[in-house]
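Student: The primary structure of each chain is shown beneath.
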Amino acid sequence: MSGNSKGAEYWKRNLRLVFICLTIWFICSYLFGIVLVEPLNAIKLGGYKLGFWFAQQGSMYIFVALIFFYASSMNKLDREFDVHED
Amino acid sequence: MDLKTLTFIVVGATFALYIGIAIWSRAKSTGDFYVAGKGVHPVANGMATAADWMSAASFISMAGLIAFLGYGGSVFLMGWTGGYVLLAMLLAPYLRKFGKFTVPEFIGERYYSQGARIVAVICLITASITYVIGQMKGIGVAFSRFMEVDFSTGLFVGMSIVFIYAVLGGMKGITYTQIAQYCVLIFAYTIPAVFISLQLTGNPIPQLGLGSTMADGSGVYLLDKLDMIVTDLGFREYTTASNGNMLNMFLYTLSLMIGTAGLPHVIIRFFTVPKVRDARASAGWALVFIAILYTTAPAVGAMARLNLINTIQIGAVGSPTGNVDEENLPVWMGRWKETGLLDWEDKNGDGRIQFYDEKGLGDKAAAYGWTGNEMTKVDRDIMVLANPEIANLPNWVIALVAAGGIAAALSTAAGLLLAIASAISHDLLKGVFMKDISEKNELMAGRVAMAGAIVVAGYLGLNPPGFAAQVVALAFGLAASSIFPALMMGIFDKRANSSGAVAGMLAGLVSTLLYIFWFKGWFFFPGTAMAANIPENWIMGISPEAFGAVGAMINFIVAYAVSHNTAPPPEHIQHLVEDIRVPRGSGGASAH
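Order-wise, the sequence lines are chains A and B.
Each residue of the first sequence is one higher than the one before, starting from 2 at the first, in our numbering.
Each residue of the second sequence is one higher than the one before, starting from 65 at the first, in our numbering.
Be a bit skeptical, because a hint or two may be false.
[Unchecked claim] Among the chain B residues that face chain A by a calculated CB cut under 8 Å, a handful are:
id: 1; residue: Asp288
id: 2; residue: Lys339
id: 3; residue: Ala347
id: 4; residue: Val352
id: 5; residue: Thr359
id: 6; residue: Gly585
id: 7; residue: Trp586
id: 8; residue: Ala631
id: 9; residue: Pro634
id: 10; residue: Leu640
id: 11; residue: Glu642
id: 12; residue: Arg645
id: 13; residue: Val646
id: 14; residue: Arg648
Quick caveat, the hints were computed from the structure, so don't treat them as lab data.
Glycine is no exception: its CB is placed at the ideal position from the N, C-alpha and C atoms.
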C-alpha cells in the first residue's frame with residue numbers, strides 16, 4: 002500500500018476509531034475517577050461512592066471492554082479494506 | 065504441621081511444578097524456544113503476559129499501599145491497567161507488523177541510526193534496573209517473613225535465588241510455565257480475599273463485598289464503617305483521601321499508563337504473537353487476567369486496613385480498655401517484628417498499644433492519655449502477606465500467599481534481568497561495539513550484566529527509595545518519559561527523524577531522572593537528596609513518581625520540534641512506516 006487514497010482512508014478510519022476509544026478511556030478514568038470525583042461521590046452505588054467506584058473498579062471494567070471493542074472493529078475494518086491477514 | 069514447614073512445602077511444590085512444566089514442554093518445542101507466543105492462542109498468551117507483568121509491586125505491595133492511601137491508591141489501579149488500552153491501540157499491532165525482537169532494534173531501524181539504538185538501550189537499562197530495585201524490596205519482604213529472619217538476610221537469600229532463576233533463563237520463554245505461574249498467583253491472591261470478604265460482609269465476591277454492608281448485622285456499609293473508624297483515629301477519610309493534589313493524581317496515573325506501554329518486557333510479548341490481529345486480542349486477554357487481580361486489590365486493601373485497626377483498637381476510641389493489651393498481641397505481630405518491618409513501643413506506659421494519626425487527632429490524643437502513635441513501624445509491603453494471618457485464616461492459605469508472592473516477584477525480576485542482559489550483550493555489544501563477538505561470549509556478557517544488575521539492585525533494595533510499588537512507579541515514569549514517545553512517534557509521525565528521536569529521548573530521560581534524583585537521592589543512594597521529598601518542595605505538587613508524564617511531554621515536544629526543523633527521514637523509512645500501518649504481509653518475527 003504505497004500512499005494511495007484507499008490506504009489513506011484506512012488509516013483515517015483507524016485513527017478515528019482510536020480517537021473515540023481513547024475519549025471513553027479518558028472520561029471513565031481521568032474525568033470520572035479524578036477530576037469529577039468529588040461531585041460524583043455524592044451519588045452512591047450500593048456502599049460505593051460513585052467517583053470512588055470509577056477510580057477503583059469501574060474504569061478497569063471499561064478498559065477491558067474497550068480493547069475488545071477496538072480489536073473486533075479493527076478486524077472488520079481490515080476486511081473492508083482488504084488488508085487482513087489470511 | 066507448623067507454618068514454616070508448610071510454607072517451605074508449598075513454595076517448593078510450586079517451584080517443582082514450574083520446572084516440571086518447563087522440562088516437559090522444552091522437549092516438545094525446542095525450535096520455538098525464543099518465539100514464546102508462536103502458535104499459542106491469544107487467551108493463553110494473555111494469561112502468560114499477565115503472569116509476566118504482575119510483579120512484587122502488584123502482588124505484594126499494591127494492596128498494602130491502597131490500604132493506607134485509600135482513594136489515593138487508585139493511581140496504581142487505573143495506571144497499571146489503563147496502559148493496556150494504549151498498548152493495544154497505539155503500539156502492539158504495529159510493532160508486531162514490524163517484526164523484530166527488541167525495542168532498541170525497532171528504534172535503531174525506524175530511526176536508521178545506531179545512536180538512537182544506543183540511547184534506547186540506555187533508557188531501557190535505566191528503567192529496568194529501577195524496576196528490579198522495587199522487586200528486590202518485595203522479594204526481601206517475602207523471604208524474610210517466611211524464613212523468619214530479618215529483612216536484609218531475606219534479601220540476600222532472595223538475590224541468590226533470583227540469580228539462579230534468571231540464569232536458567234530459558235524457562236522464562238515457555239508460555240506454559242507462565243500459565244502455571246499465573247494460576248498459582250491468582251489463586252494465592254483471590255482465595256484469602258474471598259475468605260475475608262465472607263467473614264466481613266457475607267459476600268464471597270470481594271469486588272461486591274467491598275460495596276456491601278457488614279455481616280455483623282449493623283446494616284452499615286463496609287466503606288462507611290471504615291471511613292468512620294479511620295477518621296475517629298485521626299487518619300484521613302478512606303474513600304476521599306487524595307494522593308497529593310488533583311494534578312498529581314492525574315499525572316501519576318498518566319505516568320503509569322504510558323510507562324506500561326513503554327516497558328520493554330511487556331512490549332516484547334507482542335512481538336511474538338502469530339498475527340497482528342492476535343496482538344490486539346492478546347492485549348485484551350492480558351488485561352482480563354490482570355483485572356481479576358486488580359479489581360480484587362481494592363477489597364484486599366480496605367479489608368486489611370479494617371482488620372488491622374480492629375486488631376489494635378479493640379474497643380471504643382479513648383476508653384481505658386479500648387486498645388489491645390501488649391501482653392495479648394496476636395502471634396502474627398511477633399513474627400513480623402522479627403523481620404524488622406513491623407514495630408511498636410508502649411510510649412505512654414499503659415501496657416496497651418495505640419495506633420493513630422498524631423496530626424489528625426490533635427489535642428484529643430492527650431485527653432485520651434495517649435503520648436504518641438505507638439505503631440512505630442508498619443511497612444506497607446507486609447500488608448498482603450500478613451493479611452491472611454490478621455484475618456486468622458488457616459495456615460495453608462498463608463503458605464499459599466507466600467508462594468504466590470514469590471512467584472510474582474521471581475518471574476518478573478527474571479524477565480527484567482533477561483531484558484537488561486539482552487540489551488547489553490545483544491543490542492550494545494553485538495549490535496554496535498563488537499559486531500564479531502562469538503555467541504558464547506555474547507551469552508557470557510549477558511550473564512555478567514545480569515549478575516551486576518542483581519548486585520546493584522540488591523544493594524539499593526536494602527535502603528529502597530520507597531515501598532516496592534512506589535519504586536516500580538519510578539521505573540514506569542522513566543519508561544514513560546523516554547521510550548514510549550519514541551515508539552509512538554515512530555509509528556504515527558512519518559516526519560519523525562533520528563535527531564528528533566535522540567533529542568527527545570535524552571530530554572525526557574534526563575529531566576525525569578534529575579527530578580527523581582533531586583528528591584530521592586543521586587542514583588538512589590540514601591542521604592544524597594538535594595531537597596526533602598515532601599509536597600511543599602515539589603514543583604506544583606508533582607511527586608517524583610508522577611513526573612514521568614511531564615518528562616514524556618517534554619520528550620514529545622522536543623522530538624517534534626527537532627524533527628520538523630531538520631531533514632525528513634529517507635524515502636525508504638517513510639515507506640516502512642506506511643507498511644507497518646497495515647496488517648497484511650506480517651511474516652513471523654525475523655531473526656536478528
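Student: Hint by hint, note whether the structure agrees.
Tutor: Hint check:
1. About 7 Å separates the beta-carbon of aspartate 288 of chain B from the nearest beta-carbon of chain A, less than 8 Å, and the hint is met.
2. Among the interface hints, the one on lysine 339 of chain B holds; its C-beta lies about 5 Å from the nearest C-beta in chain A, closer than the 8 Å criterion.
3. Against a cut-off of 8 Å between C-beta atoms, the interface hint on alanine 347 of chain B holds, since the closest Cβ of chain A lies about 6 Å away.
4. Hint status for valine 352 of chain B relative to chain A: holds, with the closest Cβ pair at about 6 Å, below 8 Å.
5. Because the closest C-beta pair between threonine 359 of chain B and chain A is about 6 Å apart, less than 8 Å, the hint holds.
6. Against a cut-off of 8 Å between C-beta atoms, the interface hint on glycine 585 of chain B is violated, since the closest Cβ of chain A lies about 29 Å away.
7. For tryptophan 586 of chain B, the suggested interface contact is broken, since its CB lies about 32 Å from the closest CB of chain A, more than 8 Å.
8. At its closest, the beta carbon of alanine 631 of chain B sits 20 Å from a beta carbon of chain A; the interface hint therefore is violated under the 8 Å criterion.
9. The restraint placing proline 634 of chain B at the interface with chain A is violated, with a minimum CB-CB distance near 15 Å, outside the 8 Å limit.
10. Hint status for leucine 640 of chain B: violated, given a least beta-carbon distance of 12 Å to chain A, over 8 Å.
11. Nearest Cβ of chain A to the Cβ of glutamate 642 of chain B: about 6 Å, under the 8 Å cut. The hint holds.
12. Annotation: arginine 645 of chain B was flagged as interfacial toward chain A, and the flag holds, the nearest CB pair being 6 Å apart, inside 8 Å.
13. Against a cut-off of 8 Å between C-beta atoms, the interface hint on valine 646 of chain B holds, since the closest Cβ of chain A lies about 4 Å away.
14. At a threshold of 8 Å, the smallest CB-CB gap from arginine 648 of chain B to chain A is about 5 Å, leaving the interface hint in force.
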